[in-house]
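First to last, the protein sequences are chains A and B.
Per my numbering: the first sequence = residues 1 to 272.
Per my numbering: the second sequence = residues 1 to 178.
What the hints contain is simulated information worked out from the structure, not anything from laboratory work.
Keep in mind that a hint or two might mislead.
Claimed, not checked - Cβ-Cβ distance ranges computed for the label pairs, FRET-style:
| id | chain 1 | residue 1 | chain 2 | residue 2 | range |
| --- | --- | --- | --- | --- | --- |
| 1 | B | 154 | A | 71 | 47 to 53 Å |
| 2 | A | 63 | B | 129 | 28 to 34 Å |
| 3 | B | 91 | A | 72 | 33 to 39 Å |
| 4 | A | 12 | B | 159 | 54 to 60 Å |
| 5 | B | 121 | A | 100 | 51 to 57 Å |
| 6 | B | 155 | A | 22 | 37 to 43 Å |
| 7 | A | 22 | B | 154 | 24 to 30 Å |
| 8 | A | 104 | B | 132 | 48 to 54 Å |
| 9 | B | 91 | A | 265 | 36 to 42 Å |
| 10 | B | 132 | A | 16 | 29 to 35 Å |
Each residue gets a CB set at the ideal place from its N, CA and C atoms; glycine is no exception.
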Amino acid sequence: MRDFLKRHQIPLLITLLVLVVGFIYSANLRKKTTTTFFERAVLTLTEPLQNGIDRTCAGVVALWDNYLWLIDTRQQNVVTIKANRELRARLLAVKEVGLENQRLKKLLDFVEADPRKVLPALVVAEDASSWARTIIIDKGGRHAVQEGAPVVVAEGVVGRVIKVAANSSRVLLVTDASSSIAGLVQRTRTRGVVRGNGRSLSLEFALRNDLVEEQDLVITSGMGGVFPKGLIVGEVSSVQRNEFGLFQQIELSPVVDFSRLEEVLVLLEPEK
Amino acid sequence: MRGLFFPLCWGLIFMLLQTTIFPRFLPPEMRPNLLLILVIYLGLSESFVRAAFLTLLLGALQDVFCGSTFGLYATVQVAVFLLVRLISDRLNVESRRLLLALVGAGTVLQAFLLGFLLTTFAEAGPVLWILLSNLPLQILANLLSGWLLLLCLLKFQPLIGTRQGMAGLPYQSKHHGA
Numbered sequence: 001m002r003d004f005l006k007r008h009q010i011p012l013l014i015t016l017l018v019l020v021v022g023f024i025y026s027a028n029l030r031k032k033t034t035t036t037f038f039e040r041a042v043l044t045l046t047e048p049l050q051n052g053i054d055r056t057c058a059g060v061v062a063l064w065d066n067y068l069w070l071i072d073t074r075q076q077n078v079v080t081i082k083a084n085r086e087l088r089a090r091l092l093a094v095k096e097v098g099l100e101n102q103r104l105k106k107l108l109d110f111v112e113a114d115p116r117k118v119l120p121a122l123v124v125a126e127d128a129s130s131w132a133r134t135i136i137i138d139k140g141g142r143h144a145v146q147e148g149a150p151v152v153v154a155e156g157v158v159g160r161v162i163k164v165a166a167n168s169s170r171v172l173l174v175t176d177a178s179s180s181i182a183g184l185v186q187r188t189r190t191r192g193v194v195r196g197n198g199r200s201l202s203l204e205f206a207l208r209n210d211l212v213e214e215q216d217l218v219i220t221s222g223m224g225g226v227f228p229k230g231l232i233v234g235e236v237s238s239v240q241r242n243e244f245g246l247f248q249q250i251e252l253s254p255v256v257d258f259s260r261l262e263e264v265l266v267l268l269e270p271e272k
Numbered sequence: 001m002r003g004l005f006f007p008l009c010w011g012l013i014f015m016l017l018q019t020t021i022f023p024r025f026l027p028p029e030m031r032p033n034l035l036l037i038l039v040i041y042l043g044l045s046e047s048f049v050r051a052a053f054l055t056l057l058l059g060a061l062q063d064v065f066c067g068s069t070f071g072l073y074a075t076v077q078v079a080v081f082l083l084v085r086l087i088s089d090r091l092n093v094e095s096r097r098l099l100l101a102l103v104g105a106g107t108v109l110q111a112f113l114l115g116f117l118l119t120t121f122a123e124a125g126p127v128l129w130i131l132l133s134n135l136p137l138q139i140l141a142n143l144l145s146g147w148l149l150l151l152c153l154l155k156f157q158p159l160i161g162t163r164q165g166m167a168g169l170p171y172q173s174k175h176h177g178a
């Protein structure tokens, strides 16, 4: 037996190796939102390092941008002052709309649809591959973050939590190829599934007869139970209707600038 | 133990670089896969058992920071390692150019395996198109990083002490006989 093992050591090791990785991969295929002990341990171990590196980098970049590289500052200042004046004028109009909204809400006995708590988190790292789109945030299980929790910013949907460690979590961005969200065109109420294409998004299974136009906003429909209804996902950038077929091809541009994502909000489950 | 500890430390450093520093300055398709270079290097220079164990661990480490399915990169890295090992006996592993050529070929192989596994076993949408469109820049980024890492290794090796089994270096590999 020993002789046999010694003689066939390499082929046996190769077989064992292939079986081990095959087993690990197949066991985790259907459990994308389950965090294994290994993942939790590595994420917990690396979170302080990633946080430290991220803060150091941010400090160096801020020093460079704020004190050394000021070539565009004067020009930006002029533009900002002009924009500020315009925005102030608009703000007055918005205030008036806000007051009106409050009155109408009272009239309709409006109840806040989503009672979830909001947890601010910092983005400390990004996906290490060139094809997947995930980020790591500095909040985890200790802050009541759970797998599947929606992550948003003021502009719209960012993604959902897929792995949770004690002090950090991984978030699958809506632009990832494996991400899909139930969506709704705000103007026409056309339903579909928003899928990630790496950089952009597409709205699939939108019926061909619905007249969706460029610049229409697509929001979450609330179906599926992950994202609350009404969060902005993207803006229609192109629509293609073929002569035949049930559906139209709709391309979306995300409303969130994922290349400059620094702070996000995690929507926590309401306390029972 | 030292032979396991140092490659794992390098793997961790490479992962921290890939997740924190590179995203600040490089678009996704231009970020090199340093762990792939490390796996190819280990495949050429370490003993089979040690290299296999390290590859498995490094693949699992990469899985923690890449994609959404744990085990994907472990599978891919083990496959790359086994193929490197299979052909290394027939090649002159002392050649630096060969090491770089293997990095280029490894990048293509990795993209192919990722595409195959993701489209066959997981519903990953247009991932194949993303992988293919990123491939030319990925090869370029990996070759450049491989070349820089090799230069650093050659420069600093006398300082950290010589050891056998360094592919691409003028020392005869332990695995391939002194």
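Structure-based check of each hint:
| no. | hint | verdict |
| --- | --- | --- |
| 1 | B:154 <-> A:71: 47 to 53 Å | violated, 39 Å |
| 2 | A:63 <-> B:129: 28 to 34 Å | violated, 40 Å |
| 3 | B:91 <-> A:72: 33 to 39 Å | violated, 52 Å |
| 4 | A:12 <-> B:159: 54 to 60 Å | violated, 40 Å |
| 5 | B:121 <-> A:100: 51 to 57 Å | holds, 54 Å |
| 6 | B:155 <-> A:22: 37 to 43 Å | holds, 40 Å |
| 7 | A:22 <-> B:154: 24 to 30 Å | violated, 38 Å |
| 8 | A:104 <-> B:132: 48 to 54 Å | holds, 52 Å |
| 9 | B:91 <-> A:265: 36 to 42 Å | violated, 53 Å |
| 10 | B:132 <-> A:16: 29 to 35 Å | holds, 33 Å |
The earlier numbered hints that this structure contradicts are 1, 2, 3, 4, 7, 9.
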